[in-house]
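Numbers 1 to 582, taken from the numbering used here, label the letters of the sequence shown in order.
Calculated from the structure, these hints are not laboratory results. Among the hints, a few may not be true.
[As the list claims (entries may be wrong)] Okay, the calculated beta carbon distance ranges per label pair:
1) L414 / R250: 19 to 27 Å
2) S525 / G416: 36 to 44 Å
3) G416 / R254: 23 to 31 Å
A virtual CB, placed ideally from N, CA and C, is assigned to each residue, including glycine.
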Amino acid sequence: GDWSSDVCSSDLAVVGLTAGFLSLGFRECTALIQWIFYRFLDDTEWQLFANLPWYWVLLAPTIGGLFVGLYAKWTLPNGRPVGISQVMEASALGGGRMSLKTGFHGAIVNAASLGAGASAGREGPVVHLGATVGAWFAKTLGLPGGSSRILLGAGVSAAVAAAFNAPLAGVFFALEVVIGHYAVRALAPIVAASVVATTFTRYVYGPYPAFELAPYELGSHWEYPAFALLGIVSALSAIAFMRSVPIVSRVHNRFHIPQCFRPMLGGTAIGFIALGFPQVLGVGYGATSSALGMEFGFFLLVGLIIAKTAATAITLGSGFGGGIFSPSLFLGAAIGGAFGIVAGQIAPGMMSDGADIFAGERAYALVGMGAYAAATLGAPISTILMIFEITTDYALTTAVMIAVVASVATTSALHGPSFFRGQFNDRGIDLEKNRLEADLLRDIKVEGVVSSIFARIYPDVPLSDVRVQLQTAAFGELFVVDKDDKLVGTITLAELAPEAFDPDLDALIVARDIARLLPPMLDVSSSLQDALHIMENRAEAHIPIVDDYENRKILGVIHERDIMLAYNQALLKVHRDESAAF
Numbered sequence: 001g002d003w004s005s006d007v008c009s010s011d012l013a014v015v016g017l018t019a020g021f022l023s024l025g026f027r028e029c030t031a032l033i034q035w036i037f038y039r040f041l042d043d044t045e046w047q048l049f050a051n052l053p054w055y056w057v058l059l060a061p062t063i064g065g066l067f068v069g070l071y072a073k074w075t076l077p078n079g080r081p082v083g084i085s086q087v088m089e090a091s092a093l094g095g096g097r098m099s100l101k102t103g104f105h106g107a108i109v110n111a112a113s114l115g116a117g118a119s120a121g122r123e124g125p126v127v128h129l130g131a132t133v134g135a136w137f138a139k140t141l142g143l144p145g146g147s148s149r150i151l152l153g154a155g156v157s158a159a160v161a162a163a164f165n166a167p168l169a170g171v172f173f174a175l176e177v178v179i180g181h182y183a184v185r186a187l188a189p190i191v192a193a194s195v196v197a198t199t200f201t202r203y204v205y206g207p208y209p210a211f212e213l214a215p216y217e218l219g220s221h222w223e224y225p226a227f228a229l230l231g232i233v234s235a236l237s238a239i240a241f242m243r244s245v246p247i248v249s250r251v252h253n254r255f256h257i258p259q260c261f262r263p264m265l266g267g268t269a270i271g272f273i274a275l276g277f278p279q280v281l282g283v284g285y286g287a288t289s290s291a292l293g294m295e296f297g298f299f300l301l302v303g304l305i306i307a308k309t310a311a312t313a314i315t316l317g318s319g320f321g322g323g324i325f326s327p328s329l330f331l332g333a334a335i336g337g338a339f340g341i342v343a344g345q346i347a348p349g350m351m352s353d354g355a356d357i358f359a360g361e362r363a364y365a366l367v368g369m370g371a372y373a374a375a376t377l378g379a380p381i382s383t384i385l386m387i388f389e390i391t392t393d394y395a396l397t398t399a400v401m402i403a404v405v406a407s408v409a410t411t412s413a414l415h416g417p418s419f420f421r422g423q424f425n426d427r428g429i430d431l432e433k434n435r436l437e438a439d440l441l442r443d444i445k446v447e448g449v450v451s452s453i454f455a456r457i458y459p460d461v462p463l464s465d466v467r468v469q470l471q472t473a474a475f476g477e478l479f480v481v482d483k484d485d486k487l488v489g490t491i492t493l494a495e496l497a498p499e500a501f502d503p504d505l506d507a508l509i510v511a512r513d514i515a516r517l518l519p520p521m522l523d524v525s526s527s528l529q530d531a532l533h534i535m536e537n538r539a540e541a542h543i544p545i546v547d548d549y550e551n552r553k554i555l556g557v558i559h560e561r562d563i564m565l566a567y568n569q570a571l572l573k574v575h576r577d578e579s580a581a582f
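Using the sequences plus the hints, can you model the full thing?
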């Protein structure tokens, strides 16, 4: 199942509060590192970057990149930053298990990246940090895989809610991206953690949205085709960005640049871009607010779209830490603003209305934010909710929905998966297939598939009899058991030593002497996923099933073919249920 009665509301409150606290702590840590590099804490005023000397703008991300590369090499798996992809993999393939040590080292790498000016967002780091907290609590409570995934999702929900002051978006992001489905039993704990984290955030910072916007009113329903076109334009720009990230990585590979020095070189390139466009540095909330407020002209917006796309691709392709949501918001706002300027020149009478002359353009900037972010994240529902919650503007609900649908459909048709799922595809992993397989195998216990047909032999049987029985043993394997059916070991023809074929030793050697003692085994509470894991990692074709690991009374044997048959039957049932529901 998806939920366990072993977890109570107090556990969820602790997870939500801890994830929320760490999310805010990450934010403050990023600000502190930014002060070390740039001597100011405020990350909402991009003009402060513009006032720095040119050499400072070049050196800060370069030195920060060197630290990030070396620290990641010493502390993180493969020397690479961690983020949402690792959380998705842990949920779909890892049974909700994550390393707390890796989580905190990853948070340091991500905070250093953003504080040094890398063009990335906070959402990836806080999602990974929240997921790590949830996974650690699940491990501490000794929860099974299904409940661990839900607690991991609760940590993600709490972290997103705290980072963006967006409880609904936190819930649906955890369900849509991390859990992979809208399970009813998963909803309650994830909502609880999100509410606790949001309450804590609002107590500290107040109930304020990330972006303050003037109210809008839709000018005409004839604008809907324009919003759909904006969704298509946003999707094309997002596709260009997603394809540019691996290009940067391939350039590093082509010149055989060590992984630990790639962020340093990437930081230098980002510094050069920032000399002309200081708005690209850091998380970029200040620049996003300026884009939403139409403080940039058309040609500057076009230049910023190119510069921010390049800076973010270099950031992620060079091994800096950080997420893609905040850059997506900036790029979406810039694309929407530029689109709105053009639309206003073509059909000024149909523009959205508001408090000032730029209300129509700002409406398109807001819609562009949602369209671009949905294309990169591949999470349309949570993106729509997040856009509304971080702007508190609900007047353009239908416009954002139309643009998001057009954007996601265009991305799916021309590019395929989203940014994160594309990373799995590059590794040959079908995330949905593996998640479904893990869910189905985890829900089936071995006791329902165990076979009572197996060849047993007693420990004191002479060697000559062992050879005879091996010739007729089912599956070519003998299971050595005592008079109480307690498993002693197993014997296979392939594992027999050459001495076992010496007739002179027949009277001296018995089954116990040549058996593999205490082979891999499972108890009746184990799942088919546990069995398949042992078979894949230990090259076992058959696993004995015992009543418990202490008594080791053998109840039967589970075979690899039976696991596959049970999985196929469960898969057919899922498809029948889906067809019936449809």
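Here is what the structure says about each hint:
At roughly 21 Å, the beta carbons of L414 and R250 sit within the given window of 19 to 27 Å. At roughly 40 Å, the beta-carbon separation of S525 and G416 lies within the given 36 to 44 Å, and the hint holds. Range check, G416 to R254: about 24 Å between beta-carbon atoms, so the 23 to 31 Å window is met.
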